[in-house]
Amino acid sequence: MPNPDSHIDELVSLRRDMLKFARLQLRDDASAEDAVQEALAAALSGQKQFNNRAQLKTWVFAILKNKIVDIIRERTRSPGTAIAVDEIPEDAYDDLFNEKGFWLEDARPSSWGNPESSFSSRQFWQVFEICLTRLPENTARVFMMREMLGFETEEICKELAISPTNCWVVLHRARMGLRLCLDERWFNSENRDA
Amino acid sequence: MLNCKQAAALMSQGMDKKLGTLQRVNLRFHLMMCSGCRNFSDQIMLLRKSCEKFPQQGSPIEQLNNE
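These protein sequences, in sequence, are chains L and E.
Straight run, no breaks: the first sequence in the working numbering ends on number 194.
Straight run, no breaks: the second sequence in the working numbering ends on number 67.
Derived from the structure by calculation, the hints contain no laboratory data.
Treat the hints with care, since some could be wrong.
[Unchecked claim] Residues from chain L shown here face chain E by an in silico Cβ test under 8 Å; the list is partial:
{"no.": "1", "residue": "Phe-97"}
{"no.": "2", "residue": "Arg-108"}
{"no.": "3", "residue": "Asn-114"}
{"no.": "4", "residue": "Ser-117"}
{"no.": "5", "residue": "Leu-171"}
All C-beta atoms in this analysis are idealised placements derived from N, C-alpha and C, irrespective of residue type, glycine included.
Using the sequences and the accompanying hints, generate a full structural model.
Okay, here's the thing in structure tokens:
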């Protein structure tokens, strides 16, 4: 990609993807626009050269992630922003286990085979996104701060004014929900066509 | 001895902090005997891997709609 104009074309086509990602993380259109705008400006002012689209995308998303992290930090700096941590109730997944706490026969996780082969399927990512957006708002936010933006748990506790225990509880319930959703809608789904 | 519900919570916690020695021993012991929990462990690891890859996938829903 030696021609700077082709960079600009690429960035314009990336913009929509970035906006979608930023909206998912921030759940607020205005701050999502800001984050994307700033990330694009930073990307365009850089003199980096890229050999292919994937490299460019990786770099631009790294910048975008940093912008989103900045916005989240700024947003939670004001005191009294403790979030509700019980969006998914404590007993939400109790029906997966028997009274002794062992997996019930039909709820016991079965193998997903070679799950990474799904990474090349567009439908898989569509299902993944649906499952993410089906998580309750704050649960999704904590989960994505941890797994997509790379926050440490201590940092999440501090930013969101919740206790470490609550943080682990929220993360665990998010994983339970997401695992179940992917299991039902993709890995053990009969509608899967990949 | 851990049951599956406790094991699942520990596996999840283990992705966010270092577990204590006793917790790790108990978990390993449970996993040796429980294929369901071994699958669970693989699957929450896959969630992490998917999250790392997710931003690179752009907007699959919009892409589909635009085709």
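Going down the list of hints, with the structure as the test:
1. Hint status for Phe-97 (chain L) relative to chain E: holds, with the closest Cβ pair at about 5 Å, below 8 Å.
2. Because the closest C-beta pair between Arg-108 (chain L) and chain E is about 4 Å apart, less than 8 Å, the hint holds.
3. For Asn-114 (chain L), the interface hint is violated, the least distance from its beta-carbon to any beta-carbon of chain E being 11 Å, above 8 Å.
4. Taking 8 Å as the C-beta contact cut-off toward chain E, the hint placing Ser-117 (chain L) at the interface is violated, the least distance being around 11 Å.
5. Hint on Leu-171 (chain L) holds. Least Cβ distance to chain E is approximately 6 Å, under the 8 Å limit.
In terms of the numbered hints stated before, the structure departs from hints 3 and 4, listed from lowest to highest.
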